[in-house]
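**Q** Please arrange chain B on chain A, whose structure you already have, making use of the hints.
First to last, the sequence lines map onto chains A and B. For the first sequence, the numbering used here begins at 1 and goes up steadily by one. For the second sequence, the numbering used here begins at 1 and goes up steadily by one.
A couple of the hints might just be wrong.
[As the list claims (entries may be wrong)] With a cut-off of at most 27 Å between alpha-carbon atoms, the simulated DSSO-like pairs for lysine-lysine come out as follows:
#1 B:Lys-4 with A:Lys-125
#2 B:Lys-280 with A:Lys-125
#3 B:Lys-102 with A:Lys-29
#4 A:Lys-32 with B:Lys-102
#5 A:Lys-130 with B:Lys-280
#6 A:Lys-130 with B:Lys-4
#7 A:Lys-32 with B:Lys-4
#8 B:Lys-173 with A:Lys-29
#9 B:Lys-280 with A:Lys-241
[Stated by the list, open to error] Restraint ranges, calculated between C-beta atoms of paired labels, are given here:
#10 A:Leu-316 with B:Gln-103: 51 to 57 Å
#11 B:Val-105 with A:Leu-275: 58 to 64 Å
#12 A:Leu-237 with B:Asn-138: 49 to 55 Å
#13 A:Leu-275 with B:Val-184: 31 to 37 Å
#14 B:Phe-152 with A:Leu-105: 23 to 29 Å
#15 A:Leu-275 with B:Pro-68: 30 to 36 Å
#16 A:Arg-27 with B:Ile-116: 24 to 30 Å
#17 A:Glu-85 with B:Thr-181: 55 to 61 Å
#18 A:Trp-39 with B:Val-83: 22 to 28 Å
#19 B:Ser-159 with A:Trp-39: 49 to 55 Å
#20 A:Leu-167 with B:Pro-68: 36 to 42 Å
#21 A:Gly-317 with B:Ile-115: 44 to 50 Å
These aren't lab readings, by the way, just hints derived from the structure by calculation. Each residue gets a CB set at the ideal place from its N, CA and C atoms; glycine is no exception.
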Amino acid sequence: MNAETGRAARTAVFSSNSTASRSFWQRLKRQKYPQLFVWIGIVYLGVFHFLPLFGILMAFKDYSVTDGIGGIFTAPWVGFRYFEEFYHDYQFGNIVRNTLALSLLKLVFTFPMPILFALMLNEVKLRWFKRTVQTVSYLPHFISWVVVYGLVVVFLSGESGMVNHVLMSLGIIREPIGFLTSPNNFWGLAVGSAIWKEMGWWTIIFLAALSGIDPAQYEAAQIDGAGRLSRIWHITLPGIKGTIVVVLILALGSLLGGGLVGSNFEQAFLLGNPLTADKSEILQTYAFRMGLAQGRYSFATAIDLMQSVISIALILGSNYVAKKTTKTGLF
Amino acid sequence: MRSKSAEDWFVDSVNYVLLAIVFLATFYPFWYLLVVSFNEGMDTALGGIYVWPRRFTLENYSTFLGDPKWIKAFGVSVARTAVGAGLGLFVTSLVAYGLAAKQLVLQRFYYILFIIGMYVSGGLIPYYVILRQLHLLNTFYVYVIPTMLNLFFLIIAVSFFRELPPEMEESAKMDGASEWTVFVRIVLPVSKPLLATMALFLGVGQWNSWLDSAYFVQSDNLRTLTFRMIEIINQGNVPLAGPSGDIASKVAQVTPFSLQVTAMVIAVVPIVCVYPFLQKYFVQGATIGAVKG
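The following block holds chain A by itself, in its conformation from the complex:
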């Protein structure tokens, strides 16, 4: 904020005798190129971000894709018919439960991991070791969920997967574990693969926060006789508390998308299959299947809209709680 006003004041001083005295139109003419550049962006924004907002009307109308864009406005109103239909769908309970459960489980289990990992890396004195582990740890962030799906199949599939193979030959299990085929394993698979993929990436920001802690504090604590673990607990953790809260709020804001690690849709779509649908079908995948695969556009839009409404409620709710408890909020 301060930097912002400072800069404004500086430019104002600089230009008080030339630009400010010119009329509005002269100014506009002089900056026609910057204006043109911005308007390229505004047109894009209108077409790909704001125009689809009108499409939400489809949820309340009997829309057919052959109607084109105009059909969004001319199609007959049907009120809440599609919401009711979804509410009476036999899968409704499962889908809403899966959406909320997957999001909450991922938040609870994936959020602490990068913090722990950052604390562990911070204790390492061997620079090459720290650097190697860290560099490798964020490689998975850059690869496609499709490749992660491939890896899951290679390592965890029923009979041919390496993990089952090794566990069976060691005599630890008799039957292969159906990581991909048993519905009860789906949530664990989603949480585990999300941690594997994104833990290293989110560590970056916590490590940056850790590097801002004053080393003198550690020396003072050491002289006072504090051991390693007590220094981590009393100096390191409080030192990054602010960052932890900010990142937590970010994670809560995108809860239904999968929080920090995102990708609820990709996971449910790629790692889930008809065998695990009881636990893997979520609002997003269901809307997707109904809409694009079956061509039920209005029905799918209604499901999408429900997801957005729940999302907004969660964001406002978590922001409210965050403001009350920590005095830090997003807005």
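**A** Using the frame of chain A, we list chain B on its own:
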């Protein structure tokens, strides 16, 4: 230097062991892919291969390179990555440069509009209807046009351009340089850290993308590498699937599994080659992005 206490020894050993496990859990899967891709497919099926190929072969790769379907998919992925990242880089920095101009009329209004755009979405179906209306469905453009402006990087780029010393631009303009020349000849060359980070993320995003190939195109000529991978993984994943015909039986030693793994290696290698070099840039970028929220 004070000597290590018992607690130090304990904490250090546990820490190093745990970190070594994290390292292996991340590194080994990739290593294993590499090993299997260089091992005869039929031999891999017998099991027991963990750290080194048992029967070394290049046949998996030659099958991949000999199959027009895979080559085509690879080409489409390369093309969309180059064109998509290039276009995204250009448009995003151009709009950001305009938006960062001093005393821009309506600047605040524009800025708020872009921020709102970042958070609202009409959902998948309305988006699909728009793509259909624009006749982008089933064309190569559907990969690169909707991604030509990245709102997240737009905001980052605006704050980057604002930090540039104004004297640079002013002196160039006094020498008679046009706005366009200033942007291309002066602003872009001094923004390399920003452009490198953007290029990395936009490129990786293009390379990894699969949903648009699965649902916005039908033509076999437009399928991406990621789409073909899903196809072959699903084939192998269905326990009772019949022989997959076209790919599997061509070369006896190559199995759908070994071909799938080879495709995965080919999808990962470009990323492994690029990201370590850009590390210092994106570490900065990620920190800025997260701090600014």
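**Q** For every hint, state whether the structure bears it out.
**A** Going down the list of hints, with the structure as the test:
no. : hint                                 : verdict
1   : B:Lys-4 with A:Lys-125               : holds, 13 Å
2   : B:Lys-280 with A:Lys-125             : holds, 20 Å
3   : B:Lys-102 with A:Lys-29              : holds, 14 Å
4   : A:Lys-32 with B:Lys-102              : holds, 13 Å
5   : A:Lys-130 with B:Lys-280             : holds, 15 Å
6   : A:Lys-130 with B:Lys-4               : holds, 20 Å
7   : A:Lys-32 with B:Lys-4                : violated, 67 Å
8   : B:Lys-173 with A:Lys-29              : holds, 16 Å
9   : B:Lys-280 with A:Lys-241             : holds, 25 Å
10  : A:Leu-316 with B:Gln-103: 51 to 57 Å : violated, 36 Å
11  : B:Val-105 with A:Leu-275: 58 to 64 Å : holds, 59 Å
12  : A:Leu-237 with B:Asn-138: 49 to 55 Å : holds, 53 Å
13  : A:Leu-275 with B:Val-184: 31 to 37 Å : violated, 55 Å
14  : B:Phe-152 with A:Leu-105: 23 to 29 Å : holds, 27 Å
15  : A:Leu-275 with B:Pro-68: 30 to 36 Å  : holds, 34 Å
16  : A:Arg-27 with B:Ile-116: 24 to 30 Å  : holds, 25 Å
17  : A:Glu-85 with B:Thr-181: 55 to 61 Å  : holds, 59 Å
18  : A:Trp-39 with B:Val-83: 22 to 28 Å   : holds, 23 Å
19  : B:Ser-159 with A:Trp-39: 49 to 55 Å  : violated, 21 Å
20  : A:Leu-167 with B:Pro-68: 36 to 42 Å  : holds, 40 Å
21  : A:Gly-317 with B:Ile-115: 44 to 50 Å : violated, 22 Å
Hint compliance for this structure: hints 7, 10, 13, 19, 21 are not met, and every other hint is.
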